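Chemist: Just so you know, the sequences run in chain order L and F. If you're matching positions, the first sequence starts at 13 in the numbering used here and goes up one per residue. If you're matching positions, the second sequence starts at 14 in the numbering used here and goes up one per residue.
I should point out that these hints are in silico values taken from the structure, not numbers from a laboratory. Note that this is a predicted model, so its numbers are computed, not measured. Any given hint could be a false lead.
[Stated by the list, open to error] To give an idea of the interface, some chain L residues facing chain F are shown, with a C-beta separation under 7 Å as derived from the structure: (1) Phe35; (2) Gln88; (3) Asn93; (4) Pro203; (5) Ala242.
[To be verified] Below, computed lysine-lysine pairings styled on DSSO-like, alpha-carbon distance capped at 30 Å: (6) Lys27(F) x Lys31(L); (7) Lys328(L) x Lys172(F); (8) Lys80(F) x Lys69(L); (9) Lys100(L) x Lys152(F); (10) Lys31(L) x Lys172(F).
Where is the CB? At the ideal position from N, CA and C, for every residue including glycine.
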Amino acid sequence: MAGTKYHYNPKTLRYERVKISIFNVLITMIAYLAFGFVFFVGLVLLQNLIMETPIEKKLRAENKALDQHQVILTAQLNESNQRLAELKEQDLALYQKLFETNLPPESDPVYPDREELLIADPQDFDESIDQLSHRFTELNTAARSYNQTFRYEASIHKNDLGHVMALPTLAPVQPFEVEKLVSGYGIRINPFHKGNYHHDGVDIASPRGTPVVAAGKGRVVLTRRSDLVAGYGNYVEIDHGFGYITRYSHLEDIVVRQGQSIKKGEVLGSVGSSGGSIAPHLHYEVIKNGVSLNPVRFIMEGIATDRYEALVAISKKQNQSLD
Amino acid sequence: MAKIRYTYNPETCKYEPVIISPRVAGKRILNFLGVSLLLGLAGTLYFNYRYPLIDETLQAERNLTLKTQWRVLHKQLQKTSYQLSALEHNDDQNYRVILDLEPLDQSQREAGVGGREKESESISYPLIRTAYEQAEKIKNRLDIESQSLKQLMDELSKKERMWASRPAIQPVSNRDLKHLHTIFGLRMHPLLGYVRPHNGLDFTAPEGAPIYATGDGTVGIAQYSQSMGNMVFINHGYGFQTRYGHMTKFIVYAGEKVKRGQVIGYVGDTGLSVAAHLHYEILYNGVYVNPINFFQRDLNNKEYEKLIEIGSQAVTSLD
Numbered sequence: 013m014a015g016t017k018y019h020y021n022p023k024t025l026r027y028e029r030v031k032i033s034i035f036n037v038l039i040t041m042i043a044y045l046a047f048g049f050v051f052f053v054g055l056v057l058l059q060n061l062i063m064e065t066p067i068e069k070k071l072r073a074e075n076k077a078l079d080q081h082q083v084i085l086t087a088q089l090n091e092s093n094q095r096l097a098e099l100k101e102q103d104l105a106l107y108q109k110l111f112e113t114n115l116p117p118e119s120d121p122v123y124p125d126r127e128e129l130l131i132a133d134p135q136d137f138d139e140s141i142d143q144l145s146h147r148f149t150e151l152n153t154a155a156r157s158y159n160q161t162f163r164y165e166a167s168i169h170k171n172d173l174g175h176v177m178a179l180p181t182l183a184p185v186q187p188f189e190v191e192k193l194v195s196g197y198g199i200r201i202n203p204f205h206k207g208n209y210h211h212d213g214v215d216i217a218s219p220r221g222t223p224v225v226a227a228g229k230g231r232v233v234l235t236r237r238s239d240l241v242a243g244y245g246n247y248v249e250i251d252h253g254f255g256y257i258t259r260y261s262h263l264e265d266i267v268v269r270q271g272q273s274i275k276k277g278e279v280l281g282s283v284g285s286s287g288g289s290i291a292p293h294l295h296y297e298v299i300k301n302g303v304s305l306n307p308v309r310f311i312m313e314g315i316a317t318d319r320y321e322a323l324v325a326i327s328k329k330q331n332q333s334l335d
Numbered sequence: 014m015a016k017i018r019y020t021y022n023p024e025t026c027k028y029e030p031v032i033i034s035p036r037v038a039g040k041r042i043l044n045f046l047g048v049s050l051l052l053g054l055a056g057t058l059y060f061n062y063r064y065p066l067i068d069e070t071l072q073a074e075r076n077l078t079l080k081t082q083w084r085v086l087h088k089q090l091q092k093t094s095y096q097l098s099a100l101e102h103n104d105d106q107n108y109r110v111i112l113d114l115e116p117l118d119q120s121q122r123e124a125g126v127g128g129r130e131k132e133s134e135s136i137s138y139p140l141i142r143t144a145y146e147q148a149e150k151i152k153n154r155l156d157i158e159s160q161s162l163k164q165l166m167d168e169l170s171k172k173e174r175m176w177a178s179r180p181a182i183q184p185v186s187n188r189d190l191k192h193l194h195t196i197f198g199l200r201m202h203p204l205l206g207y208v209r210p211h212n213g214l215d216f217t218a219p220e221g222a223p224i225y226a227t228g229d230g231t232v233g234i235a236q237y238s239q240s241m242g243n244m245v246f247i248n249h250g251y252g253f254q255t256r257y258g259h260m261t262k263f264i265v266y267a268g269e270k271v272k273r274g275q276v277i278g279y280v281g282d283t284g285l286s287v288a289a290h291l292h293y294e295i296l297y298n299g300v301y302v303n304p305i306n307f308f309q310r311d312l313n314n315k316e317y318e319k320l321i322e323i324g325s326q327a328v329t330s331l332d
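Sequences and hints are given; from them, build the entire structure.
Modeler: So, in structure tokens, the structure goes:
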């Protein structure tokens, strides 16, 4: 192979040296590279096919498990959700039967989706900020107008503090949750004969033995015990002055005496189901000058505004009472 | 370029055409391939050094997608659990209080069903294991809540029967009622002329006015007696019994089941009586109680008529 190469040039009739052109070199290099690339691709693919790194192995196993169990768990979740839906229906049926109403109970509690804000895109985020600032302005305006009302009420306080202080403003069962008020004041369904009648107070459902407290300060004017399975059963009346009397009935036990002075929040007995009652609850009445008033108008101490609104809404439902 | 190449051969002093033997050609090709292979190998090594394996990347990507889906699955589980909690809360705090049952405590609700093969324990991936645990817990809670709701429904049905059985209405309609004698207890008997307890209330009404059963129950006695005239005795259960006397006639027989509001007879003047009226008694646990407590005096006539109608409908549907 050694030795210079020659071409025969028929024009000059001489042998001429073959010159190696740059073009030739380039072609050769490209050929090397092209084949090299083919080998590279082949090798990488081959390596993928044959070799399995520990990381890959681990990931592969995990993915397989994730895939498999996702199917199983999704099926389980769907089944559970279906059963939950059935239970919700049963719950609604129970509720409607219990309260003789066709109305649904309070709307489903909203599942707190806190992460929603985080995954929102910037535009959404801006919009929610706008909404928030708008709401803030609204609230601020509302607060200002309320403030004036409060100032007006504060002036009443000064003039007639005793009157206001005597009002039975505390809920007679503590701690109080608005959902405990299961039947309000007004026309309700009687649980025994299922006819409509006027319910003169509110029914606060509570477990037997829950302490019943005085809604305001006053004097115990009446305590009555009765074994009769009709009427008020064991009950207590408190005179708050200014014509206000509160009545606490269907008590299990009474721990105050007639004539005793009582402070707001002092325990006077415990919740029961004595008298004509179908469930342990407190039947609570507010009477002014012999006329029964809607107690919801008085129960306000320690109840936030939105909760109070919920309370009013609940108390307006024309359902079945408990006595 | 298809020119023939020559080499100068100094021995023969001639230019000779270069002849490439197959051996040489094969060698050249091998050379070429060898160098290319080396190049390819170098490239592969560098690629491996710089980048992860393709399969690895693919698997990692798939892994990420799956994990995102799993996170969603976890959230869905949480949501189900949350809604179930709301149901349980309602059950414990509202229904159980009203139906006078003890609330189930949390440990009772979350107690696993013993002996069940747990798939979750064999899985080492926390994402999967916790989901299984959660799902298992939800299933158990669903079982318990389902039982609980069934129990509550049964209890409510029992109580509904009890409430329906209780004497709760007036036995004579206000439409017919002329006067209600509210004397209960000792009084001078108008015919016998001496003091004897009056254990019920007298409803004065024209002869023939319908008398209604005041609660659901079974007729115990329906017969004529010397003092009570045509008399019906209804056993309501739950400690309650009612007695209706001085009827012109009764239209029920002993052993018959009656509904509240069903007509059982008509007002009359039979037995020891001076005028057409109904004598109505209630016994609770064998003791006479004043019936005045067992009907709603604030029930208006329209409401009363409605109740009577319901009672009469119930009868026709029973037959």
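Chemist: A separate judgement is required for each hint: does it hold in the structure or not?
Modeler: Each hint, compared with the structure:
Annotation: Phe35(L) was flagged as interfacial toward chain F, and the flag is violated, the nearest CB pair being 11 Å apart, outside 7 Å. At a threshold of 7 Å, the smallest CB-CB gap from Gln88(L) to chain F is about 5 Å, leaving the interface hint in force. Hint status for Asn93(L) relative to chain F: holds, with the closest Cβ pair at about 6 Å, below 7 Å. The interface hint given for Pro203(L) is met, as the beta carbon of that residue sits about 5 Å from the closest beta carbon of chain F, less than 7 Å.
Interface hint at Ala242(L): satisfied, since its Cβ lies 4 Å from the closest Cβ of chain F, which is below the 7 Å cut-off. Between the alpha carbons of Lys27(F) and Lys31(L) the distance comes to roughly 20 Å, so the proposed pair stays at or under 30 Å and holds. With a C-alpha separation of about 25 Å, the suggested pair Lys328(L) and Lys172(F) falls inside the 30 Å cut-off, and the hint holds. The suggested pairing of Lys80(F) with Lys69(L) holds, with an alpha-carbon distance near 17 Å, which does not exceed 30 Å.
The hinted pair formed by Lys100(L) and Lys152(F) meets the criterion: a straight-line CA distance of about 15 Å does not exceed 30 Å. With a C-alpha separation of about 115 Å, the suggested pairing of Lys31(L) with Lys172(F) is violated against the 30 Å cut-off.
Hint compliance for this structure: hints 1 and 10 are not met, and every other hint is.
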